[in-house]
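Given next are the chains, with one letter for each unit.
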Amino acid sequence: MSVLDDISVLMEKAFERISQADSLAALNDVRVSFLGKKGKITAILKDLGKLPVEERRQIGAAANNARSAIERRIEEAKDHLGSGDSRTFIDPTLPGTAQPLGHVHILNQVTDDICRTFYGMGFEIAHGPDIETDYYNFEALNFPPDHPARDMQDTLFVEGERVLRTHTTPVQVRELERRKPPIKIITPGRCFRNEAISTRAHVAFTQVDGFLVDEGISVSDLKGVLVAFCKAFFGEDVKLNFRPSFFPFTEPSAEVDVSCILCGGKGCQLCKYSGWLEILGCGMIDPNVLDTVGIDSEKYTGYAFGLGVERIAMLKYKINDIRLFFNNDVRFLSQFK
Amino acid sequence: MKISYQWILKLSGLDWPVKEMADRLTNCGTAVEEIEPTDQYMEKVVVGAVIDLKSIKGADKIKLATVDVGSETMDLICGAPNVAVGQKVPVALLGAKLTGDFVLKKAKIRGVESCGMICSERELGISDDHSGIMVFDSDAPVGTPLADYLDFHDHQLTFELTPNRPDSMSAIGIARDAAALAGVSVRRPELDVVESSEKASDYVSVRVDDSDVCPRYAARIIKNVKICSSPWWIQKKLLVSGIRPINNIVDITNYVLLETGHPLHAFDYDRFGSKEVIVRRATKGEKFTTLDGKGHDLIPDVLLITNGKSGVAAAGVMGGLDSEVENTTANILLESAYFAPSIIRKSRKYLGFVTESSTRFEKGADPNGVVFAIDRAASLMHELCGGEVLSGIVDCYPNEIKPVTISFRPTRCNAILGTNLTTDRMKEILSSLEMEVTGEDKLIVKVPTFRPDIEREIDLIEEVARMEGWANIPDAIANVGPLFTPIHRCDSFTEETRTVLTGAGFDEIVNHGLVNSKFAKEVNPDLDQVRIVNPSSSDLDAMRNSLSLSTLVVVEHNISHRNTDLHLFEIGTAYFPPDNHHDWREDQRIALAVTGNTPNGWRRTPRPLDFYDLTGAIEHLVAHFHWPAFEYVTGEISYLEPALSFDIRIKGQVIGSIGQVAPKIARLAEIKQPVYMAEFSTTSLLEMNVPIPSFKPLPQFPAAPRDMAFVVDADVLAGDLLTAIRKAAGPLAEEVNIFDLYTGKQIEKGRKSIAVAITYRSSDRSLSGEEVDVVQDNIAVVLKKKFNAEIRDK
Ligand SMILES: [Zn+2]
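Going down the list, the protein sequences come from chains U and Y. Mapping of the first sequence onto my numbering: position 288 corresponds to residue 315, and the numbering continues sequentially without gaps. Mapping of the second sequence onto my numbering: position 59 corresponds to residue 1293, and the numbering continues sequentially without gaps.
Because the hints were derived from the structure by calculation, they are not lab data. Every residue gets a Cβ at the ideal spot worked out from N, C-alpha and C, and that includes glycine. No incorrect hints appear here.
Simulated crosslink set (EDC-like; lysine to aspartate or glutamate; CA at most 16 Å straight-line):
1. Lys1518/Y to Asp1531/Y
2. Lys299/U to Glu1267/Y
3. Lys67/U to Asp33/U
4. Lys299/U to Glu1268/Y
5. Lys1680/Y to Glu1668/Y
6. Lys1580/Y to Asp1446/Y
7. Lys326/U to Glu242/U
8. Lys1457/Y to Asp1504/Y
9. Lys258/U to Asp1709/Y
10. Lys1583/Y to Asp173/U
11. Lys1457/Y to Glu1560/Y
12. Lys266/U to Asp1709/Y
13. Lys1583/Y to Asp1535/Y
14. Lys1583/Y to Asp178/U
15. Lys364/U to Glu1729/Y
16. Lys299/U to Glu1270/Y
17. Lys1297/Y to Asp1309/Y
18. Lys1580/Y to Asp173/U
19. Lys1580/Y to Asp178/U
20. Lys326/U to Glu1691/Y
21. Lys1521/Y to Asp1535/Y
22. Lys1543/Y to Glu1520/Y
Covered stretches of chain Y (in silico footprint by chain U; criterion: 3 or more residues with CB under 8 Å from a CB of chain U, positions within the stretch not fixed):
23. 1385-1398
24. 1638-1652
25. 1703-1709
26. 1826-1839
Calculated Cβ distances over 12 Å to all of chain U for the following chain Y residues:
27. His1860
28. Ser1918
29. Gln1934
Using the sequences plus the hints, can you model the full thing?
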């Protein structure tokens, strides 16, 4: 056999070992045994001087070619193996190592959802104080002096002739006082009432009120906005029922039921088999309220509505105890992303 | 309020099924809350006759009754005290479903098998009476299904009425709405008062001393009544409404109250004490005993019906004991009056009663319904009690209360509702509600006095909406209002804060702000509190004057539920009463708290959370909002551990505090592990003008990073070192960071080793090694001189 044949056999052998190598160490072994100081190709190159001159060039070129071919194969094989010194094992089922995220409180998530939906319809967000005067909480909103809501049994009074607001509607009066129509606002916030704490009732609750005052505003506009809100919030298929009701600061007034979000109106435990869930109060702002803040109730009309965030959150997430919201147990908080 | 469905059908002339009736009434604002069939507990209950009664050996409370139920004769056990041979009684057969989810099954009591049960009114759902079994007239046909015999196929409708609608607090009132929905008018019962020749005015006179609170007082005399129980058709209506039948006279006044909504009172004429009714406010301290036997010391807020000498009734609330109708009563003085809502409200509050009468007077009775009610009652007393109605009504009504007249613009009505109703339709609605409507373009509407809630055009528009139905008002499909909706800084600030802090692993908590005032005093002894006058619980009798109060409660709650590792924050309000310098204040704040350990994981070892976890989160906020750096200056905060508490300052102004909760406070809050808390006001931060950053060109020359390690005294502050290094390094130092801090064995006690990384860079050239060495040497000199530093490496 000629030396040229030896070279090509060595090259085949080297290629085979490269393809079998499963680590960088194994590749290195291949390298050492063929191209190392005592390697087989290296030996041929070392012995070139012993060969006749006419063969020297031919065999030298073949050996050098073999050497660079093997080197190239080893480099390519390295790319396939990765950069570690052994084939790296990745367990993709292990949890990642980023800082765990905290959670936005569910009441704020729902409040934000409601506000965003109304913002999409052009309502600006406004806030007011939690500790209110009788004037803003009751008088300017057309509550007669002997209205039961003004009673100690219903309202928490604060030393110094103030009350803890019983609704966020006082913000409506404050905004109407300082702006000129058109005024289109929602007022999210904390409200209070004198109530024993139970699974269904709490001294504190969260309300989102909204109103629009402009020329030519009608019940039809009110209905349109509430239908749009409920569809955006509860789904396209939701139905609404408006039941005439009474609030001191709106006339005409109505309470709004949505078709049950659980059974769709067929009747279930959630809706007490009525098919409906009461979620909103609404009406046209009473002319007395507009006149009180100095807005001409002949020229301008307006609507107002209010909804309870806890109730909506409880319905949406099937929460069965209102106290959970203010207990702030992290096992509760972390359930809502 | 509960009213019979059959009664509404009769008065309205409608034939709507009960569900439709309830839905349509609800959708016109007369809300039906509950529908209950009156015969639901009468299935498999029949009329039976008691044939025989035997005592049972060893049992003295129960007897063995033999009962004929038509189809068979059966033995059953009966424990009622009033059972007797010969009685006709209701007998429940096997499978009967009685009240209280009770299904009758075969039972064996003391060896005797019983296949039926004789029932009380309560068991049949007729009333609350469980004192004995029901007993029927002797001619009751044996074997007849009970509901047929009693004619009890009806529904009890429970109404949830709004406070503005006293007109709907009666069968006629409800039927009026129902009829109006069908475009017809309510059918009031026809009156036929047969009067005798004697004049009522010869028997009684009426004088009203306080006509401001008693605008009208009318009386009739009915002589020679026979007191007995009232006929079943009256009892039935009362029972369906939850009112106990008593005797025919009292039942008639209650029946008329339910029918017309107008409260009446019947006095025993002979025990009234005089022939003169005088209506006046009570004098202070005046004594009076109400029907229930309770004595009262009155005040002028109670309106009294007197006989000229003493009180006989608390007007509109409750009668007195001395003039009550009894079984022996023969002559009746019947009162029908109109009392002002305000006096009845005060009066019933003072006396501590709420009665069917007081509720109706308080919401507003009809001054002009007085006569109809008294005549209706008088004619029934004639018909059912054999009474002789004396001629005439003694009616004291000095100033007639006239119906109000309101002008009504159909165009305005359509504009408010967003409808296209015709004027005729509006007229039809208003007329069917018994209003007198005249005019064409502008209607003139005369509102009956039973609608005290209607005073303005908008009140009439509400009536149109109610009767037309909100469902028939179109839903607008276009948006109206201002052109532009701004987002305010306070709202985006809140949202961004939540994003940053939840991103840093903090859970948001929400508190209502009500706290225990004593706890608040312990935590913040120097801060004023907003106190609640009428707290619902003594634990919630003040508004918090720092968020930390609530945070401590939440931390305790979680730890006691074994959630021991906490990262919490709240964006909330602290409340302050007015003082010499400020009005009422509601300060918006952020509070943070950490306790326990960092999360465990396969690549991280938990370590205790501490102060630096708080400042780290705050640094996120500072960076996000481009605030100037917070400075932490040793301070004295009442609820924080003295050595570990700091004021948070920004540009020299104190905006909050940070540190470890003091052991005394932790003990009070029942927390047994270290808690670190921070709280700061965002008011000034929100007002701060944050400049819009302007672009800086990216560096063109390479940075030269160098390290320096040195040992200083343990109490040297890192901030002071960094400031000194930056100053000594001059403009070439782009960034200085501490990357190692060590105290321990290899360092002398009371000293610490610090390593800093300094990045040098020039904007106009590549820095040479020699250039940087000079600066490094300069820093070393300063550190040695200023901090007694021992340079270990540079
Ligand atoms: Zn349902």
